[in-house]
Every structure is written in structure tokens, then in C-alpha cells.
Amino acid sequence: MNIMPEMTKEIKIALVGSPNSGKSSLFNALTGSRQKVANYPGVTVERRSGKYTTKNDQNIVLIDLPGIYSLKDRTLDERVSREVITGVHTSESRPDILLCVADSTNLRVHLRLVLELKHLGLPVILALNMHDMAERDGIDIDPEILSRELGIPVVTTIAVRSGSLDGLKTQLSNSITDLIPPKDAVQAPTTRELQKQARTLAKTAIISEGIHHKVTRELDKILLHPVLGIIIFFITLFGMFQLVYFWAETPMSLIEQGFLALRGIISGLLPDNWLRSLLVHGVIAGVGSVLVFLPQILILFTFILILEATGYMARAAFIMDRLMALVGLNGRAFIPLMSSFACAIPGIMATRTIEHHRDRLTTIMIAPLMTCSARIPVYALLIGAVVPNNPVIFGLFGLQGLVLFGLYLAGIISALIVAAVLKMTLTKGAAQPFLMELPKYQLPVLKHLLINLWERARIFLKRAGTIILYSAIGLWVLAQYPKKPLGATEPDIYYSYAGTLGRALQYIFEPLGFNWEMSIALIPGMAAREVAIGALGTVYALQGSEDQIAQGMRTVIQNSWSLPTAFAFLAWYVFAPQCLATLATVRRETNSWGWTSFMTIYLFALAYLAAFIVNNVAIALLG
Amino acid sequence: MRYLSDLNIGDEAKVLGFEAERCKDIEFARDLEDRLLEIGFEEGLDVKILHEGPVSRDPIAVRIGQMTIALRRMEADAVKIS
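In order, the protein sequences belong to chains A and B. Residue numbering for the first sequence follows our numbering, starting at 175 and increasing by one per position. Residue numbering for the second sequence follows our numbering, starting at -17 and increasing by one per position.
Honestly, the hints are just simulated from the structure, not real lab data. Don't take each hint at face value.
Claimed, not checked - DEER-style ranges, computed between Cβ atoms:
(1) A:ILE567 x B:GLU25: 33 to 43 Å
(2) A:ILE586 x B:LEU(-2): 22 to 32 Å
(3) B:ILE(-9) x A:ASP247: 52 to 62 Å
(4) A:GLY768 x B:LEU(-2): 39 to 49 Å
(5) B:ILE(-9) x A:GLY648: 37 to 47 Å
(6) A:ILE586 x B:ASP28: 12 to 22 Å
(7) B:LEU(-2) x A:VAL217: 50 to 60 Å
(8) B:ASP28 x A:ILE567: 48 to 58 Å
(9) A:LYS357 x B:SER64: 18 to 28 Å
To be verified - To spell it out: a stretch of chain A is covered by chain B in this simulated footprint if at least three of its residues, at any positions, have a beta carbon under 8 Å from a beta carbon of chain B; those stretches are:
(10) 400 to 414
(11) 574 to 583
Glycine residues also receive a C-beta, built at the ideal position from the N, C-alpha and C atoms.
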């Protein structure tokens, strides 16, 4: 069945361009939803590819290379782009045509990259993007002169308006029909020499220079104002997080109810056997506890994508840069870290906006220290059980609220310390310049927003369907088998693998003041943090609805946990990486088992240390 | 000799050249001139300080040509101005 009709080789076109050239918008406009985001093997560089069908029905593979200013080997992005374009990349074959995207409002700068690309041996098409904005700013470029001087086809485009792409589409078809075979790359002149050529070229092709984008100028006066700017920034953040919780509430409870209904249906259909238990307690409980965060993740991402598309994200980085620089991070790390307060998963995924590899790794490593919303149920239960709500500080605050605040603060402070230590050790390297263009403000395009949002949702759902599903099943097996021997008195889980493991771990956890019930609950609690409560309920053989279990737990904690034990457990949860979904995300985003293991180990080590200190200090203080 | 890092908000000047050696970090200084050139700094262009960061007046945002570029004062230290 392998006989194929005579097939012409699939043409591959690579999009190249500087950051803010509108390259990704153009890619979205050409491929629509027919695109895929992955990583290049072994590195964190994103590989976006998509399909495009030309006017004469030829299928083309488009790849969107990372935004770069030049093709030196300084950053990973530059290296990967260079390797792909020159055909030495190990997994990506050499493209046939380069589509270079340049910002028309800033041609002088972008022409230098075009000149550099011309030395790489591939046919180049130049797209003068954001043509409408250039016109509005009074910039007049003659594409014909440019085309003649450069010796390559030049078209004008407005990526955010699909009707404007006819010229480009025609040119793509023509270039494919008269495809020029690739040549070897030759050494490009120095940056300075290229710039000189670009300047001469710009002088001949740019008829009028225009003025600095007015809307951007006026908006920046407010948004980057030393006082107003900060106020607006924090109001934006505050509003964003309010809405993440507020809007997500209904869909989250719908998803919960959905899973509850599914449980009911399965319990009704199947007899009480292992299969029912696997489906109800393994699959539905495990996957459900992670999927319930999907609405929060999507809402958060909608905001992040809008901030990114409008150009505000770069301003946020500008405002926060100085503070982040204190621990060796870039201003761009701020939003991903803030997002991690909702959930570390979107936070870690949002680090893609951090250009520098090492800064991005550092940010990923500390993201789980931001107290995510899944920790709230654990905190709420324990604080409610052991901390009296006495008014403190002149009656302004309740003690419970203060403890909760302290836990958040403990996470933030340790994150800053870990970041500083990492920057001096593992992610050490030459400081990265902050140097960044503040792009012109633009309205986001709904279609592009939806494409990107769907891509994030797809990644998350795929993970829930694979690694999270498998680990949920694995944890279920550990907690269910072997079965309780006849006449035994302890709860079922005591005799299971999880129970045996937990009791063995008890010796390790004893210095922290953890009892064997807690040690056992930590194992199924690996699935997601809040699962630990349900697991504790199982160990203490509590029955009933979630609320009843929580109520029962409160009584159990008050009666059978000492105060140092409870506080040590809280300290444990500030640090412990008790969430497989996060670890899976780190694995995917760093593309490295090494970093994933490093994070797991360092977080467990910190958790152990913190719980140990808290337990012993509390014992010493309370006698 | 004056440098871009010496300017305050609202100040205007002309770029004269680059002196990346002024950065103490040698690794950092090596690429700095190229990077500044690549993002759009160039001899002879006018620069104006448009904005300053809220803490320690750092980083700064400058207008150069048609663009607004954000950079830390440490980086601006390598840009010679008239």
C-alpha cells in the first residue's frame, strides 16, 4: 500500500524577522488554526509550524522561526534560526524560501536583518508589514526601489487584516513556481558594515520619514508615568486576579458537578468492584482534580495574551525590572510569577515571553514557590483547625489571616532567595542586557487570540489525558493494593503499597513530627495538593461529603495532632512539589529531565528543612 | 564626555558612539555594542529620554528614530552622546 503517486517535494518556507515585526501575526493570518507549537529537541526554543495552501492549491509547510535581531550565535534563538536556515539543524530540514518580515514603521533597523539574511544562500522575500501604521505615521516607502536595490521581491502586508495579504500570496506562488535552488551560506559582514549598507538603502527607498507613533506616545505618558503608571499596573493585576477567581467560579463548579454526576452514573452502572473503584477513585478523582483548574488557566491566559498582543507586557516588564533585577531576574519574569499565584502551570507556560534562556529557567524553577490556589484548601483546613482567630495588631487583623499571609510571604521570600542563589550558581552566566523595544500599542485580533488560547488549552488537556491520567491510575493502584487482610482493624489504605510506603517514610518524616497517617496521605497527595485532604480523610476512615470530611478532619487534627505537627505540615506545603501536573509542565517547558529532577529534589529538600525547623522550634517554644 | 546614562527625563542629545568597555562585566561588554546597534542605536541619531523606571529612575525608555527602546542605565552607560 506504499505506492505513492509521483509527488513533488513539499515546499517549506521559514518566517524570519525581529521581535515586534508582526511576524507571528502574519504566521497566524497565513496558517489560521492549522498550526502546531512544540519545542526543538533538547532546547527551550519554541517550534511553531503550520500549513498553508497557495492559490494554485499547493501545500506548503510554514515555520515561524523565533524573533531575532541578528544571526550571531549569541542566544539559543539565534543559534537555532541560523542552523535551520543554513541547513545544519539536526531535526529541521533546510527551508526552500525565507519570508523576512519587517516592520514598515521601523525599516531602517529591520533592513539590516534582511541584508544579513541575503548571505545565507536561500531565496528571500521581504514583507513590509504594518504598512497601514506606517502610512498613518506619514512614512512613505517605495517597495519597487527597495526590491530593485535588494534584488529580491518586496511586498507590503498588514498582518492583522487578511484582505491585505493578496500581494504576498501571489508572490509566494510565483516564488514557488520559479524556485531557485539553495546555495551555500557565505560569511556576512560585521553588524557595523551591514548597518551602513542598510542606512544607504533606507535613504534611497524611504521617501518620507514620518513621526513617532502618536497614540503610543500619548499612552506611554500615562502608562509609564512614575506614579500613575504603577497605580494602573497594580490595578490591572488586581483586576486580572479578581476576575480569574470570579469568572472561573461557575465553570469550575460546573466541571466539579460534571465529574460528580459522572461518578454517580458509573457507580450506578457498575457493581462495586475494582473497575468501578479505578474509574471513580483513580481516573475521575485524579484527572478531575486537575481539570477543574482549566477555567482559571484559560481566563488567566486570555489576559496574558491580551497584555502581550497590545504591547502592555513590555511596559509591565519596564515597571518591574528594577525590583526583579535585585535578585538577578528580568522585568519580564514578573507576570509569569504573578500568574503562579493562581496556578504554577500557566505561570510556567507564560515564561515563554522571557527571551533569555537562563532567566527563563530561573523563573520556572521558582514559580512553584508562589502559593497557588490549590494550596488554599490545605491551608484553610489546617489554619482553621489549629489557629484561634484572635484579633491581633490592635484588633485590625485576625490571627488566622495573618498566618495565611505569613505563608504566602514565606513562599515569596524563599523564591527570591532561591532565584538569587541560582543566578550565582546553576544559571550563572554573563548578565543579559534588558535592552528591549517598547512596541507600538495595538488592538488585539480576536482570531489570533483564540488560536493561541486553543493551543494552550490543547497542551493542558493533552497532559491531563496522558501523564496525569497515568499517574492518577498509578497512585490508585498504590493506594488500593494489596487488599486488607481478614480481621484487620486499620483502614484499607494502611495495608496497601501506599500504606507500606507511607509507614516506611514515617521514619524519614518523624523528625518533622508527622505521624504515619500523614506520611501515607502524602503519597496519593502527589497528584495535586488538595487531594491530600481527601487522602487524610481516607486514612482516618472518614465518610461523607467533602464538607463532612473537612469537618471531620478539623476534629481529628484538633484532637490527635500536636500544634508543632500541624505547623510543620503547613511549612511542608509551602515548599513541597506535591503536584505532578506542575512537574509534567516543567518537563515539557524546560525540555529536560535534569531540570525537572533538580526542581523536585530542591523543593522536597526545602520542604523537609522548613518542616523540621518549624517542628523543632515549635516544640522548644511550646515546651 | 557625556553618556546616555547621565541624562534625565526630557533631555535630548545626539549619539556619538559606543564605549562598551565602560561596563565592568567583560562578558557583558563583549556583545553590547552589537546589540545596541542591532536594536537601533546608531551614530548621528537623536535620542530623547521619555520615561524613567519608578525605582531608582531605572530602567529608562528613550526615543531613537521611530522607536521607543527600554534599557537599563548600566547599558546606557556605553552610549556616548554630545
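Outcome of the hint check:
1. Our hint of 33 to 43 Å for ILE567 of chain A and GLU25 of chain B is violated, since their Cβ atoms are close to 59 Å apart.
2. Hint check: ILE586 of chain A to LEU(-2) of chain B, Cβ distance near 44 Å, so the stated range 22 to 32 Å is violated.
3. Between ILE(-9) of chain B and ASP247 of chain A the beta carbon distance is about 37 Å. The supplied range of 52 to 62 Å is therefore violated.
4. Between GLY768 of chain A and LEU(-2) of chain B the Cβ separation comes to about 47 Å, which falls inside the hinted range of 39 to 49 Å.
5. The supplied range of 37 to 47 Å is broken by ILE(-9) of chain B and GLY648 of chain A, whose beta-carbon atoms lie about 59 Å from each other.
6. At roughly 42 Å, the beta carbons of ILE586 of chain A and ASP28 of chain B sit outside the given window of 12 to 22 Å.
7. Checked against the hint of 50 to 60 Å, the pair LEU(-2) of chain B and VAL217 of chain A fails, with Cβ atoms roughly 39 Å apart.
8. A C-beta distance of roughly 54 Å is found between ASP28 of chain B and ILE567 of chain A, which places it inside the suggested range of 48 to 58 Å.
9. A hinted range of 18 to 28 Å is violated for the C-beta pair LYS357 of chain A and SER64 of chain B, which are about 44 Å apart.
10. A stretch counts as covered by a chain when three or more of its residues have a beta carbon under 8 Å from one of that chain; for the segment 400 to 414 of chain A and chain B the count is 4, and the coverage holds.
11. Counting residues of the segment 574 to 583 of chain A whose beta-carbon sits less than 8 Å from any beta-carbon of chain B gives 0, not enough to reach three: the coverage restraint is violated.
The structure fails hints 1, 2, 3, 5, 6, 7, 9 and 11 (numbered hints given earlier, in ascending order).
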